Amino acid sequence: SQQGEEDPQALSIQEGENATMNCSYKTSINNLQWYRQNSGRGLVHLILIRSNEREKHSGRLRVTLDTSKKSSSLLITASRAADTASYFCATYANNDMRFGAGTRLTVKP
Amino acid sequence: DAGITQSPRHKVTETGTPVTLRCHQTENHRYMYWYRQDPGHGLRLIHYSYGVKDTDKGEVSDGYSVSRSKTEDFLLTLESATSSQTSVYFCAIRDQDRPQHFGDGTRLSIL
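The listed protein sequences derive, respectively, from chains A and B. Start counting the first sequence at 1; every next residue gets the next number (my numbering). Start counting the second sequence at 1001; every next residue gets the next number (my numbering).
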C-alpha cells in the first residue's frame, strides 16, 4: 500500500509560474524524498529532507516538511517547459521506502 | 545516470510462459530493488535484496521470484506469466541511507 499520497494528481501551469505539489503520509518517517520521472524513463532523485528538518532548498526547488501534520510540499519556482514530468514523494522508515502515485505536472510554453 | 542497466527494455510474451528480467549495476551498491509501476498505483515494491543471496519480499511479491548470485546482478522471474503482470518494471539500487537510483525500466506485455 502507498504511504505517501500526492495532491493534486495533475497540475497544469504556464511557464514562469510556480508549481506546488503536496504529499501526505500516515506513519512516522526517517526521511522523505522527492523524485521526478520523465515519460518513458526511470525516477530521478531530486531532494531528500530528514525528519528533523523543516525546509530544504536545491536550485529552484523548495521542500518543506511538517511532521506534526505528516505532510510535505514541493515548490518549483519559475517553472519551465522542461519541468513537465511526474513528481513522486517517497517516505523512508525502518529500511522501507513507499512511493505515492505521483503528480503529473504540465508546464505550457 | 548511475550505472544501472535493465534488460530487456521491452518484451511481449504469452500467458503461461516464464520471463526473466535482469538488472545490472556497476556501482557496487548493497541494496537492489524491483518495482512495478501501474497507472493509479505509483511504484509498488516486488522484492528487494540487501546482499548476495539475501532477498526479501515486498508488498506485491506473489507470482514473482528473485535471485542475486552476484553483487552486480538482480534477476526477477515470472515463473508463469499472467496478464495481470503486464506492467513497467523498474530496478533501483541504493547505498546505505542514500537515495535510490533507478534504471530506465522494462515494459512487459503479457498477451
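Simulated from the structure, these hints should not be mistaken for lab results. Since we're looking at a predicted model, the values are computed, not measured. Even glycine gets a Cβ: it sits at the ideal position worked out from N, Cα and C. Hints are supplied without guarantee of correctness; some may be wrong.
[What the hints assert, rightly or not] Cross-link-like lysine-lysine pairs, in silico, DSS-like; alpha carbons within 30 Å at most:
{"id": "1", "chain 1": "B", "residue 1": "1011", "chain 2": "A", "residue 2": "26"}
{"id": "2", "chain 1": "B", "residue 1": "1053", "chain 2": "B", "residue 2": "1011"}
{"id": "3", "chain 1": "A", "residue 1": "70", "chain 2": "B", "residue 2": "1011"}
[To be verified] Example chain A residues on the side facing chain B (calculated, C-beta under 10 Å, incomplete):
{"id": "4", "residue": "4"}
{"id": "5", "residue": "8"}
{"id": "6", "residue": "11"}
{"id": "7", "residue": "42"}
{"id": "8", "residue": "51"}
{"id": "9", "residue": "88"}
{"id": "10", "residue": "95"}
{"id": "11", "residue": "101"}
Going down the list of hints, with the structure as the test:
{"no.": "1", "hint": "1011(B) / 26(A)", "in the structure": "violated, 36 Å"}
{"no.": "2", "hint": "1053(B) / 1011(B)", "in the structure": "holds, 26 Å"}
{"no.": "3", "hint": "70(A) / 1011(B)", "in the structure": "violated, 40 Å"}
{"no.": "4", "hint": "4", "in the structure": "holds, 8 Å"}
{"no.": "5", "hint": "8", "in the structure": "violated, 14 Å"}
{"no.": "6", "hint": "11", "in the structure": "violated, 16 Å"}
{"no.": "7", "hint": "42", "in the structure": "holds, 3 Å"}
{"no.": "8", "hint": "51", "in the structure": "violated, 12 Å"}
{"no.": "9", "hint": "88", "in the structure": "holds, 6 Å"}
{"no.": "10", "hint": "95", "in the structure": "holds, 8 Å"}
{"no.": "11", "hint": "101", "in the structure": "holds, 4 Å"}
Checked against the numbered hints listed earlier, the structure breaks hints 1, 3, 5, 6 and 8; every other hint is satisfied.
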